[in-house]
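Chains A and B supply the protein sequences, listed in that same order. All residue numbers for the first sequence refer to our numbering, where the first residue is 1 and numbers rise by one. All residue numbers for the second sequence refer to our numbering, where the first residue is 1 and numbers rise by one.
No lab work stands behind these hints, which were simulated from the structure alone. Incorrect hints may have been included.
Heads up, simulated BS3-like pairs for lysine-lysine below, C-alpha to C-alpha not over 25 Å straight-line [as the list claims (entries may be wrong)]:
hint	chain 1	residue 1	chain 2	residue 2
1	A	K92	A	K59
2	B	K133	A	K382
3	A	K326	B	K314
4	A	K61	A	K15
5	B	K436	B	K470
6	B	K386	B	K446
7	B	K178	B	K218
8	A	K343	B	K479
9	A	K355	B	K83
10	B	K83	A	K326
11	B	K371	B	K395
12	B	K83	A	K376
13	A	K343	A	K355
14	B	K479	B	K445
15	B	K218	B	K267
16	B	K178	A	K343
17	A	K343	B	K4
18	B	K386	B	K406
19	B	K54	A	K83
20	B	K54	A	K326
21	B	K314	B	K344
22	B	K446	B	K406
The lines below spell out each chain.
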Amino acid sequence: MFEFSSIEQYHAQLKEGRATCLQAVEHYLHQIESFARLNAFIEVYKDEALHQAASLDAKRKKGEPMGQLHGVVIGIKDVICYKNHFVSAASKILSGFTSVYSATAVERLLAEDAIIIGRLNCDEFAMGSSNENSYYGKVLNAADETRIPGGSSGGSAVAVQAGLCMVSLGSDTGGSVRQPADFCGIIGLKPTYGRISRYGLIAYASSFDQIGVFGNIVPDVSKVVEVIAGADDYDSTVSQIPVEKYAANLSTGKKYRFAFFQEALDHPGLDPEIASAIKNLFEKVKADGHTVEPVRFEYLDYIVAAYYVLTTAEASSNLSRFDGVKYGYRSGHATENLDDFYKQTRSEGFGKEVKRRIMLGTFVLSTGYYDAYFSKAQQVRKLLKDKTELIFRDYDFILLPNSPTTAFKIGEKMNDPVAMYLADIYTVMANLIGVPAIALPLFKHSNKMPFGLQVMANNFNELSLLQVSDYIMKRYKVIPA
Amino acid sequence: MSTKDLYEIVVGLEVHAQLLTKSKLFCGDSIAFGQEPNIQVSPITLGHPGTLPKMNRRAIECAVKMGLACHCEIERYNYFARKNYFYPDLPKGYQVSQHTTPICKSGFITIKSGNSAKLIRLNRIHLEEDAGKSVHDADIHNTCVDYNRAGTPLIEIVSEPDLRSAEEVYNYLTEIRKIVRYLGVCDGNMEEGSLRCDVNISVRRKGDEKLGTKVEVKNLNSIRNARRAVETEAERLIGLIEKGETIIQQTRSFDAGNGTTFAIRDKEDADDYRYFPEPDLTPFNLEEEFIERIRREIPQLHTERISKYVNEYKLSEYDAVILTEEKSFSDYFEDLVTFARDYKASANWMAGPVKSWLNDNGNEIENFPLKPERLSALIQLVNNNKVSFTVASTKLLNALLGDASKEPLQLATELNLLQESNASAIEPIIEQVISKYADKVKEYKKGKKGLLSLFVGEVMKLSKGKADPKLTNDLLTEKLNS
C-alpha cells in the first residue's frame, strides 16, 4: 500500500526499493477513480503516466541519476499548455484544442522527471472564486461535498486535498491559488510576479497572472517552485534574478517583524471566528519573541475595484484571440457577415462570467471611460505599490486572512457576482503589487471547514517567505482533534 | 485660371515600411516574402493560447536609425500598446503598436518641390507589427488567411499635413524609399507591400486657414498610384465643394484599374481601439550609448553623395542624381572610383554602358558580372588610348561580360581589339584611302575641308576600328596638306 507524506520521504523509499513510481501512479489513479465525483480532473493521462512511471523505475534501477522531481506525481490546472495534450481553460471555446507546445513550467517539470497525471478543473479562463464557472462542471470540496472548493484553481486544490496527486500547479491572478488552498486546508503559494515564466499559461490578466503551487507541506512546495522558477527567453516579463535553493534552506532561527492591517481584521465582512483565531495567533507569535504590529492601511476599500477594472480590461483584450477563426470552437450557425460570425461563436463559446468580464473590461477601456476607470485603477495600483514598499522597509512580512469566510455552499453566491468579487478583498492585493504570498492552513472553523493565514513578503523574497511559512506551519498549526 | 487653381491640396502621409530584420517583431519566424502560405507561423505568430511576445532588438535599431536619419527626437523610455479590433488576419485580436510613445518624434524629410527644396515635417515614426493577409480569390466559398506576414516588424512614418500637390507626394515617397534603402532598414518594394502608404487628403480654398474635411485613401501599391490617387481624389473633393455638397470624413480605397477611389467606411463606423499598455512586454529604455552606436552606423545617404559628386568629383547634378538613384548602384560607383580615379569617365561608364546593360537585361547592379576593379581596368584602357571608347563599350565589354575571368587587356589582345597607335601601321592605310578617293582629295585641297571626316572614317573602317582616331586625324591632315 503506497502512502505519501513528502517528496523527500518518497525519494528515500524509491532509493531503498520500498516503493516504485509505478506503485505511486497506480495509487493515484485508483484515488482519482474513487473520488471521481469531486470532478477535480478534466482529463487523466492514465496510460502515459503508467508508462512514464515504468520507464523512470527502469532508469533508476540502472543507476541513472534521479531528477529533482523524479516520479513526483503532479496535476496541472487546465490553463497550462502541455504539448500534444488538450488544453481548454475549462471553456467550451477551446473544446478539442490541442496545444502544439509546452509551457516553460511544464518543460521544467518534465526535465526533472516529474509525472504529469492529468489536467485539473478550474473556473473558465481562471475567472471565478468558487470553481462553479467551468464548462466541465463544478468541483466539490472534499472536506464537505456540499461546499465549493474555492477558485479559480479549485481542481488543483482538491486534487492535493483529496490525495489525488502529490502536488499540483494552479494559477493565481487575484487569489486563485491561495483562496482554494485556504478553503481546502492545504498550502498554496503565489510567487512574485515574474518569478515563474508565464509562457504557456493561458492569460487571464497578463500583469497579474502567476503560476502557483499547491502542496501539503512547505518543503514540497519549495521544491516545485525551485524547479519551475527563473529566467526564460520566452517571457520578457520574467525576472533575471537567480533562483535560490529554497527546500534545502528552510530552517532559520530568526526573529521576524510582522505587520498587519487593523482595518483588515476589523472589516465587517470578516467571519468573527477567523478574526479571533488570527488575533490569538498574533499573541502567540509575539510571545515567541517576534514583532507583530498594526500599520495604517487606508486603501482596503479601493483594492477590489481597482483589481476588477484592471484585470477585466486586460482580459477583454487577452480573450480576443478566441474568435473561431484559427482554432477552437466555431459556431455551426450560418451567419450573414463577419461581425455576426464573431458574435455567434463567442456567445456560444464563452460562459456567463467570462462574458461579464469581457464586457466590463471593454467598457473600462472605451473612449470616454478610460480615464475614469482604467487610469484611476492604475493610479490606485501605483499607490498600493508605494505604500507596500514603505511597509517592507520596516517589516519582513504582512499578515492577512485569505478570505472573509470559509468555503461557502455550492450556489450560495452565484447570483451575486459583486458579493463574489468582494470576497477577494484579502488576496487581490498581492497580485496588484506583484509580491509573493502564501496561504497556510492553520485552523479549523466550528463549521468543520479549514482556514488559515496569508503571509506576504517583499518582491522576490520567496526564500524568506518559505522559511517563515515552514516555521509557522511547524510551530502554530492546530492539529485537528 | 481653372477652378482647380482656386484650391489648395493638403496631404499628410502614413507610410508603413517593413523592416529588414531576419525575424518577426516578437518571435523567431522568418519574414521572407512570397513563401507558401502559413509556413512562417509559430504558435506565437498564430496567437496560440499562452504564447507571449519577445522583443526583436534589431527592429528597434532599424527604427532608431530611420529616426536619426530623419532628424527626429529619439524617445528614451518606450513601451508598446495594444490596439484592439477583430479581423481574421489579426491573430491575437489586437495589434501591438507604439500608440502613445512613438520611438521617434518630430523630425523632417527634405524633398524637391519644383526647383527648390522643401521640408516636410514628420509627426512621428513608431514601431508596430504587421497583420496577416486575407486572400479572397483562392477559394470560391471561403476567404483564406495567410499568417506568414503576421508579426512582421513595421515602422509607421507619419508626416504632418505639409504636402501641397500630387507631385510633392510623389517626391516625398521617392525620398522615403531612397532613405530606407540607403539605411538598409527596408527594401522599399511597394509592389510586394514592404513599403505601403495611406494618404490623408483635404482641399481648401487658397488663402483659407481652416483645413477642409479629410479623407483617407488606402491601397496604394506604387508611388505612381499614390500620385494618381491624390490627383483624382483632389479633383473629386473640389468637384463636391463646387457643387455645394458636404465632404464626409471617410476611408476610401484606390482602384488602380480605373484610377478612381471608392468609399470603404465612414468615420462614424470607426472602431474604438481601446488602446492600453501591452502588459506582456516590459518597457524598454534606450541608452545614450546605444543611440550613438546607431548614429555611427548610419551610412552616407544619397543626398550627401550627390553633394560629394557635384562638389568634389565635379560631376553634373544630373549625373549625380542618376548615380545615386539606387544605393547599390551608387555603392558600385563608389568602389569603382577607388580603382579608376577618373570620376567623369567612371560616371559616364556607369550612366552609359553599365546602365543600359542592366536595363536591357532587367537586372540589378548586384548581378553585374564585372567587379568594379575589372571595369576600372577597362576604363583605363580607353584613357590610355589602347582601345577606343566605342570598341570598349561594345565589343570588349560584351566579351568581358561573357568571360569575366579575363583581364580586359588580355581579352582585347586576344580579340585583336587593341588600338593601332603606330604611325607606320596606319600610313599604308592612309595611302590606300588617298589613292581610292583621288577625286575627293582634289575637292579637299580646293577647300572642302569637311571631307576630312570621310577619310578618317574610311581609315577606321579599313583598320577595323583599331586605328587611333586622333593619330589618324593628325597623319591625314599632314598628308593632305603637304
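Here is what the structure says about each hint:
no. : hint              : in the structure
1   : A/K92 <-> A/K59   : violated (40 Å)
2   : B/K133 <-> A/K382 : violated (40 Å)
3   : A/K326 <-> B/K314 : violated (61 Å)
4   : A/K61 <-> A/K15   : holds (9 Å)
5   : B/K436 <-> B/K470 : holds (22 Å)
6   : B/K386 <-> B/K446 : violated (35 Å)
7   : B/K178 <-> B/K218 : holds (22 Å)
8   : A/K343 <-> B/K479 : violated (98 Å)
9   : A/K355 <-> B/K83  : holds (20 Å)
10  : B/K83 <-> A/K326  : holds (20 Å)
11  : B/K371 <-> B/K395 : holds (18 Å)
12  : B/K83 <-> A/K376  : holds (20 Å)
13  : A/K343 <-> A/K355 : holds (11 Å)
14  : B/K479 <-> B/K445 : holds (11 Å)
15  : B/K218 <-> B/K267 : holds (14 Å)
16  : B/K178 <-> A/K343 : violated (45 Å)
17  : A/K343 <-> B/K4   : violated (47 Å)
18  : B/K386 <-> B/K406 : holds (17 Å)
19  : B/K54 <-> A/K83   : holds (20 Å)
20  : B/K54 <-> A/K326  : holds (22 Å)
21  : B/K314 <-> B/K344 : holds (8 Å)
22  : B/K446 <-> B/K406 : violated (50 Å)
When each numbered hint is compared with the structure, violations occur for hints 1, 2, 3, 6, 8, 16, 17 and 22.
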